[in-house]
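Use the sequences and the hints to build the structure in full.
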Amino acid sequence: MGEIITRFPPSPTGHLHLGGARTALFNWLFAKHHKGKFILRFEDTDRERSKQEYVDSILEALKWLGLNWDEGPYFQTQRLDLYKKFAQRLYEEGKAYYCECSKELLEEKKKEMLKMGLKPKYDKTCRDKNLGPGEGRVLRIKAPETGEIVVEDLLRGKIVFPAEELDDFIIMRSDGTPTYQFAVVIDDITMGITHVIRGDDHISNTPKQLIIYQALGAKPPKFAHIPMVLGPDGARLSKRHGAKSILEYREAGYLPKALINYLARLGWGYGNQEYFTVEELIEKFTLENINLSAARFDPDKLLAFNAYWIRNTDNKEVLEHLKYFLKAYDLSKFSEDYLLSAIETVKTRSKTLVEMAEMMQFYLVEEVIYEEKGAKKFLVFDIVPILERVVEDLKELPLEEKKLEEYFRNLSEETGIKLKNIAQAIRVALTGKTVSPGLFEIIKVLGKERVIERIKKAIKYIKNLK
RNA sequence: GCCCCCAUCGUCUAGUGGACUAGGAUACUGGCCUCUCACGCCAGAGACACGGGUUCGAAUCCCGUUGGGGGCGCCA
Numbered sequence: 057m058g059e060i061i062t063r064f065p066p067s068p069t070g071h072l073h074l075g076g077a078r079t080a081l082f083n084w085l086f087a088k089h090h091k092g093k094f095i096l097r098f099e100d101t102d103r104e105r106s107k108q109e110y111v112d113s114i115l116e117a118l119k120w121l122g123l124n125w126d127e128g129p130y131f132q133t134q135r136l137d138l139y140k141k142f143a144q145r146l147y148e149e150g151k152a153y154y155c156e157c158s159k160e161l162l163e164e165k166k167k168e169m170l171k172m173g174l175k176p177k178y179d180k181t182c183r184d185k186n187l188g189p190g191e192g193r194v195l196r197i198k199a200p201e202t203g204e205i206v207v208e209d210l211l212r213g214k215i216v217f218p219a220e221e222l223d224d225f226i227i228m229r230s231d232g233t234p235t236y237q238f239a240v241v242i243d244d245i246t247m248g249i250t251h252v253i254r255g256d257d258h259i260s261n262t263p264k265q266l267i268i269y270q271a272l273g274a275k276p277p278k279f280a281h282i283p284m285v286l287g288p289d290g291a292r293l294s295k296r297h298g299a300k301s302i303l304e305y306r307e308a309g310y311l312p313k314a315l316i317n318y319l320a321r322l323g324w325g326y327g328n329q330e331y332f333t334v335e336e337l338i339e340k341f342t343l344e345n346i347n348l349s350a351a352r353f354d355p356d357k358l359l360a361f362n363a364y365w366i367r368n369t370d371n372k373e374v375l376e377h378l379k380y381f382l383k384a385y386d387l388s389k390f391s392e393d394y395l396l397s398a399i400e401t402v403k404t405r406s407k408t409l410v411e412m413a414e415m416m417q418f419y420l421v422e423e424v425i426y427e428e429k430g431a432k433k434f435l436v437f438d439i440v441p442i443l444e445r446v447v448e449d450l451k452e453l454p455l456e457e458k459k460l461e462e463y464f465r466n467l468s469e470e471t472g473i474k475l476k477n478i479a480q481a482i483r484v485a486l487t488g489k490t491v492s493p494g495l496f497e498i499i500k501v502l503g504k505e506r507v508i509e510r511i512k513k514a515i516k517y518i519k520n521l522k
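In our numbering, the protein residues as written are 57 to 522.
No false leads were mixed into what you were given.
Pairs of lysine-lysine, DSSO-like flavour, derived with a Cα cap of 30 Å: (1) Lys300 with Lys383; (2) Lys141 with Lys107; (3) Lys512 with Lys432; (4) Lys500 with Lys433; (5) Lys140 with Lys151; (6) Lys180 with Lys165; (7) Lys389 with Lys504; (8) Lys165 with Lys140; (9) Lys458 with Lys504; (10) Lys275 with Lys151; (11) Lys177 with Lys166; (12) Lys140 with Lys93; (13) Lys177 with Lys141; (14) Lys403 with Lys433; (15) Lys476 with Lys500; (16) Lys357 with Lys119; (17) Lys500 with Lys474; (18) Lys383 with Lys500; (19) Lys500 with Lys458; (20) Lys159 with Lys180; (21) Lys159 with Lys141; (22) Lys458 with Lys389; (23) Lys91 with Lys275; (24) Lys407 with Lys489; (25) Lys91 with Lys340; (26) Lys140 with Lys278; (27) Lys278 with Lys151; (28) Lys519 with Lys429.
The calculated label-pair distances, taken between Cβ atoms and stated as ranges, are: (29) Asp289 with Pro200: 36 to 44 Å; (30) His258 with Ala219: 14 to 22 Å; (31) Asn124 with Glu330: 20 to 28 Å; (32) Gly213 with Ala274: 19 to 27 Å; (33) Thr69 with Gly190: 25 to 33 Å; (34) Gln108 with Asp393: 38 to 46 Å; (35) Glu307 with Asn124: 17 to 25 Å; (36) Gly190 with Gly58: 37 to 45 Å; (37) Pro355 with Lys185: 54 to 62 Å; (38) Ser158 with Lys379: 57 to 65 Å; (39) Asp137 with Pro200: 25 to 33 Å; (40) Arg352 with Lys429: 34 to 42 Å.
The set of hints was computed from the structure by calculation and includes no laboratory data.
Keep in mind the model is a prediction, meaning the values are calculated, not measured.
Every residue, glycine too, gets a C-beta built ideally from N, C-alpha and C.
Next up, the structure:
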């Protein structure tokens, strides 16, 4: 087998969503696995609905996911001459014919057939009229009337369609543009696509495309129809859940690698392994391990994967992604080491980068604001002597977690005040909150200066309460 | 209506005729750890859609039923 070439052909009529992203991913992984080529092509022949805005957002989403393409992006609207050339050829060879039936008439006939319990099909009125091109005329393929069309699917084997199920579908519209069925075939032939990996909603399109390949005398690529991604409710993806743009997941604080990992596991498995780096996916991805049944999108599991990758990714890499969520702060005031240490303390506690940014707030602000409930409960008069003492003792203490813990345990024992109460009071003083990373880690990262200053401020705050 | 695809815990999946007392992940419940919250660790509950075959033996092969999904556009 020669070089493997796959493609991802979105139509820019909407944002890239989970389903599309997974199709792109599978094509990309397959190409990478075989050291082949991955082509990006926009199917924008629907001029009404195609928008530049969507082209831009799809490109951005693919880049964010890291699904780089080796060729393209191509645009079908820039290849119209090509389709015309092939259409002309089919017409001249008598494999396609012009049809003058009006949309309205066809519409009526279809309704009629549906009513009689038949499959709505074109009745071939113009098939033998020998019409030439003309205003308002479409070009139809002359489909075989008997026999069967066999789709060889890489995942499920032969799928047989009786010729009676198909009709003389349109390949060129009356405005001279190609229909989807025609444009894909021409593109896949001319781009040398060897493997078409797409959603199984395309299974019933495949025999139509095979008819075109046959008429053209071209060898069709291999087809692999992957199961669809359904919403959590088992219905088709809709805006409410997964049909959200991939870019919305970026906004929500997801790591691209987490999304990739989750998406790969949706319909594909590799023994009992759950977590894969992108490199591992490329190495291990094969079509044989793809499932055949539709998979539901589970936001909870995606979130769990994101949490996993946040806590298992190098702090520097996390920081790169996190910066996007830290725009409100002037990060130049802090050293990279400070930020990295801060991240280390919050990474096991953040399921998203948004949560992480939120949790890191106290590391980045000049002054913390106390949560009302926490302050009321822990910043109480009785604790003042302890706080005062900590301020003094801290000056002499080494900033090591073990030593700090030892110190606070002794302090608790000595004064008879539960460690919990001491810790919570200082926690509120340092972070403003009752929930935070471990106290000793925080002290170490913040540094003596900030810690002492914040505890002093808390003492003042308590004294002012009276 | 017609055609096509699919069917293991709630969800994602492992499983390719005997190693299945059906494994893992996630979510859920209980416990441990503990300065809070997480993380981590331990334990628990939870599935082969149903009915017929084939076979010494079926989650696994065949048929049917049911259920879910998709297609039947001058959309892609």
